[in-house]
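Novice: So the chains spell out like this:
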Amino acid sequence: MMAHHSRSGANSDAAMIAILPERGLADRLTGLFWRKPKLLLALMITPPLLWLGVVYLGSLAALLLQSFYSIDEFSGMVVQEFTLKTYAELLRPANYDVIFRTLLMAAAVTVGCAILAFPIAYFAARFARGRWKAVFYLGIMLPLWSSYLVKVYAWKLILAKEGIITWAAEATQTSAVLDAILTLPVIGGNSLSTSYIGMFMVFTYVWLPYMILPMQASLERVPASMLEASADLGATRAQTLRTVILPLAMPGVIAGSIFTFSLTMGDYIIPQIVGNSANFIGMAVYQLQGTAGNIPLAAAFAVVPIVIMVIYLWLAKRAGAFDAL
Amino acid sequence: MQALKLMSTTALIVALTVTPTFAQISAIGDGEGEVSIVAWAGHIERGETDKTFDWVTKFEADTGCKVSVKTANTSDEMVALMNEGGFDLVTASGDASLRLIAGGRVQPINTDLIPSWSTVDDRLKDAGWHTVNGTHYGVPYMWGPNVLMYNTEVFKEAPTSWNVVFEAMDLPDGKPNAGRVQAYDGPIHIADAAQYLMFHKPELKITSPYELNEEQYKAALDLLRVQRTLVSRYWHDAFIQMDDFKNEGVVASGSWPFQVGLLAADTPIASTIPQEGATGWADTTMMHVDAKHPNCAYKWMEHSLASNLQSDLSVWFGANPAVPAACTDKRGMQTAEGCAANGMDNFDKIRFWTTPVANCSQGEGMCVPYYRWVSDYIGVIGGR
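Line order of the protein sequences matches chains A and W.
Residue numbering for the first sequence follows the numbering used here, beginning at 23 and increasing consecutively.
Residue numbering for the second sequence follows the numbering used here, beginning at 385 and increasing consecutively.
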């Protein structure tokens with residue numbers, strides 16, 4: 023800055039010609055920003071930073087703070103003193119069940135999605151060309167355009183005791199198979215729509231696109247030359263898949279699994295509509311913060327998925343899921 | 385922080401004693417041109433859902449007060465909306481009304497300014513969910529029982545006891561009830577179990593299903609654990625329950641007359657209030673402490689009692705009018721038979737929803753407060 027000023031002072035005749043008079047506020051602002059570029063940066067970045075800092079991180083901090091309070095056993099009032107009692111309550115069998123159930127479902131849905139998505143993503147990345155590619159994208163994206171609730175209600179009808187699956191099983195004389203599946207302990211139930219199996223199917227359907235898309239992106243990045251080299255060296259197709267394609271596609275799988283895992287863990291609509299009404303983390307939070315007024319426990323429950331996702335993301339980072347970012 | 389404290393229901397007792405009395409208005413002036421109401425779905429109809437059900441249009445024409453409605457789905461939502469402010473009236477249920485009074489969100493009502501107050505059901509005039517220390521905080525709107533809904537093909541005669549949903553047994557069609565009955569997916573359902581025990585286990589000495597000491601509470605939970613083995617899925621959404629009766633093979637469940645009315649039109653469904661009695665709900669029109677349109681609000685409260693509203697609403701919602709005359713005086717579509725079917729004569733059998741608090745008639749801190757109902761009901765449904 024200083025250098026600039028002194029120079030223009032020295033060659034004042036030449037500067038008189040080059041510098042035009044300021045035309046209003048806009049010119050003055052332009053000049054100010056040119057002289058102090060950091061001011062412009064600060065002005066532009068402050069609103070989003072405020073949003074992120076105050077609204078987003080602020081509410082998270084408030085949540086965290088609440089979880090260190092506790093509820094008074096007698097009066098039911100929130101006691102605003104630091105304690106770990108509320109977190110200890112998470113370990114009570116009924117609450118521990120909720121967390122465990124949610125985690126198990128999230129893990130199962132993630133594995134289910136990965137297995138289902140791989141062949142689809144592989145086909146799309148390696149073989150689909152031109153118009154087929156468009157059809158593929160449309161097919162994956164289309165379900166995302168319709169309302170989430172409509173999809174879930176539709177599945178409730180499909181899975182109902184007197185729904186289309188039962189009807190199809192009767193028509194094909196396979197009712198015995200369906201009944202056998204439903205008599206499985208724990209995951210079975212009175213009908214598909216009141217069982218964990220049904221809930222698993224709905225979750226898998228709803229979150230599948232989030233697994234396919236990153237998986238396909240990573241599969242497209244596997245160079246064809248490597249597959250050719252693998253074949254030249256005498257590897258069978260299975261060996262190529264196992265030792266070349268899968269390791270190279272792994273970051274995509276992990277990225278997809280972040281979506282399916284966290285989305286399942288946070289969902290509280292599907293477990294209300296499909297399944298046997300047993301609570302999931304989201305449902306528990308919803309119930310505890312309402313009339314119950316047990317905000318501390320609700321907050322502690324809400325912290326659980328955050329902690330789990332932080333660990334999950336850390337592991338994913340170590341596995342290289344973000345290397346391509 | 386203060387707001388959070390007030391949200392916890394057991395602040396009730398403390399708060400009640402410190403709530404200041406607000407000045408009530410002493411005369412109704414000209415309308416302000418609008419009135420905004422927080423209401424349950426289906427409570428305020430202007431002929432848009434069904435042309436024959438309209439109790440708003442005429443009010444707007446007569447008073448010049450344009451009615452805007454904000455629909456709420458749960459009592460918690462109602463309390464939250466009223467805490468937020470910006471509304472004039474709310475149709476609050478008994479598990480929200482006392483919280484609103486305790487939180488100072490609603491103002492006392494001057495019943496002298498509501499000419500039709502005298503026509504209100506005497507059983508509701510001083511009801512504890514809107515009257516505190518003799519002060520009225522609202523105008524009764526409507527009430528209804530939580531009935532036992534059943535499939536008439538399975539039950540040729542109406543079940544006489546709630547035991548069909550609480551204990552393992554064979555139903556009249558010879559098949560077990562497991563997997564074919566439902567229960568309400570809300571902690572308040574513990575009260576239904578307590579009411580069942582009140583009748584069948586008098587030695588527990590339960591006097592109110594909303595005031596349970598540790599021993600009574602434990603017995604209720606044990607009963608609900610038996611129920612868990614019979615119930616495939618609990619219900620909380622009226623339309624999901626209706627779907628379950630149609631497509632899931634469910635044949636009996638606690639329910640609202642609303643679902644019964646809609647289902648009975650095309651399915652073999654009926655309802656009854658068994659010998660143990662039933663729990664129920666009663667809604668009250670309450671006025672926000674900072675209502676911007678008090679004159680229109682008072683005009684609406686009078687309208688809610690005097691017009692076709694009471695009669696048509698009770699038909700529409702399958703509930704009972706707060707003004708008994710609405711059953712018979714042909715101001716709307718309701719008839720004496722219709723009111724009887726909705727349980728008008730069963731008022732004494734109904735124990736109305738209130739929020740359980742620790743300090744109850746059994747003594748200070750003697751009863752199990754609502755927040756524990758919530759966590760324990762989560763446990764019961766989770767199989768604990």
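Keep in mind that the hints were calculated from the coordinates and are not lab data.
Bear in mind the structure is a predicted one, so any value in this text is a computation, not a measurement.
Be careful, since some hints might not be right.
[As the list claims (entries may be wrong)] Pairs of lysine-lysine residues, derived as DSS-like cross-links and limited to a Cα-Cα distance of at most 25 Å, are as follows: (1) W:733 to W:589; (2) W:714 to W:540; (3) W:602 to W:589; (4) W:733 to A:173; (5) W:559 to W:540; (6) W:602 to A:107.
Novice: If a hint holds in the structure, say so; if it does not, say that too.
Specialist: Results for each hint:
For the hint pairing residue 733 of chain W with residue 589 of chain W, the CA-to-CA distance comes to about 18 Å; that is within 25 Å, so the pair holds. The straight-line distance between the Cα atoms of residue 714 of chain W and residue 540 of chain W is roughly 33 Å, outside the 25 Å bound, and the hint therefore fails. Distance check on the hinted pair: residue 602 of chain W and residue 589 of chain W sit about 13 Å apart at the alpha-carbon level, within 25 Å; holds. About 41 Å separates the Cα atoms of residue 733 of chain W and residue 173 of chain A, which puts this hinted pair outside 25 Å; it is violated.
For the suggested pair residue 559 of chain W and residue 540 of chain W, the alpha carbons sit about 14 Å apart, so the restraint of at most 25 Å is met. For the hint pairing residue 602 of chain W with residue 107 of chain A, the CA-to-CA distance comes to about 23 Å; that is within 25 Å, so the pair holds.
This entry does not satisfy hints 2 and 4, going by the numbered hints stated previously.
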